[in-house]
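S.K.: Sequence:
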Amino acid sequence: MSELASDYWSRLPLGREVRLIARDENGVAAFAKPAGVLSHPNTPRDEARALLSCAYDHDRECFVWPGADAGLQRLWLLNRLDSATSGVILAASEEAVARTIKGQFARRQVHKVYQALVFGRPRAPQEVWRDRLAVDRRGGVVRVGTAGNVPAEAHFSVLRRKPGQPPLALVQLDPKTGRSHQLRVQCARRGLPIVGDQTYGDFRLNREFARHTGWKRLFLHSLETNLRYELAGRNFSFTASAPLPEEFAAAMVA
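Numbers 1 to 254, taken from the working numbering, label the letters of the sequence shown in order.
For the record, the hints were derived by calculation from the structure and aren't laboratory data.
For each residue, glycine too, the CB sits at the ideal point set by N, CA and C.
Heads up, a few of these hints could be off.
Ranges between beta-carbon positions, derived for each pair [what the hints assert, rightly or not]:
(1) Arg11 - Gly164: 44 to 50 angstroms
(2) Ala232 - Asp59: 42 to 48 angstroms
(3) Val64 - Ser6: 17 to 23 angstroms
(4) Phe236 - Glu127: 41 to 47 angstroms
(5) Val141 - Glu61: 16 to 22 angstroms
(6) Gln165 - Ser6: 54 to 60 angstroms
(7) Thr177 - Arg123: 18 to 24 angstroms
Input sequences plus hints: build the corresponding full structure.
M.R.: Below, the structure written as structure tokens:
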């Protein structure tokens, strides 16, 4: 294992309003990422608005910054969230641990829970959504459609409803696959676009909502992440949760 500076965790170069919310003895860590913050910088110009405000090694998928007493320090990113999505995002202080956890993600052994505010009236209190997505990646831009061959599954449940014009619902989404833009596309396909979604959402309703409330964010939040992993012959479990931002509850009563 690499040598960590004695003040490694207390001196992480955290981005704007980013909070460290959990970590374990092996250096697995969870952060609460605000909406609008990048999971990692795509160019040096992006560093000021990323999870950590420092350089990023795209080949090793880790942040790099100078430590006070142990040379260069690194933090390995374990998963990503769209910049517009808030909530739990994971990282690790050791590369070997990062490889182990990424293996859990690849085998779909990490359980993630999201909550979202959607326009519309859900047909049922609970549903299992299965779709075949088409993912198009060009020039660093991802666009996802529903006429493809990439399987996507999510479990959907309604938490609260708000009648009116337009009607709103606070919903929970448990993805069983981790596809790019999956939840946003699956919601939109069922006539339940996520509030504030500027790519797959209802642009007219977004404008009216922003004008009425003053909120212009995407109302999608990574609420909780749970995983189990094995390291050096021992089993560990890790759980982290990031409280739902106040504007979600406020929007249901506004």
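S.K.: A separate judgement is required for each hint: does it hold in the structure or not?
M.R.: Taking the hints in turn, this is what the structure says about them:
{"no.": "1", "hint": "Arg11 - Gly164: 44 to 50 angstroms", "verdict": "holds, 48 angstroms"}
{"no.": "2", "hint": "Ala232 - Asp59: 42 to 48 angstroms", "verdict": "violated, 26 angstroms"}
{"no.": "3", "hint": "Val64 - Ser6: 17 to 23 angstroms", "verdict": "holds, 18 angstroms"}
{"no.": "4", "hint": "Phe236 - Glu127: 41 to 47 angstroms", "verdict": "violated, 33 angstroms"}
{"no.": "5", "hint": "Val141 - Glu61: 16 to 22 angstroms", "verdict": "holds, 20 angstroms"}
{"no.": "6", "hint": "Gln165 - Ser6: 54 to 60 angstroms", "verdict": "holds, 58 angstroms"}
{"no.": "7", "hint": "Thr177 - Arg123: 18 to 24 angstroms", "verdict": "holds, 22 angstroms"}
In this structure, the hints that do not hold are numbers 2, 4, in rising order.
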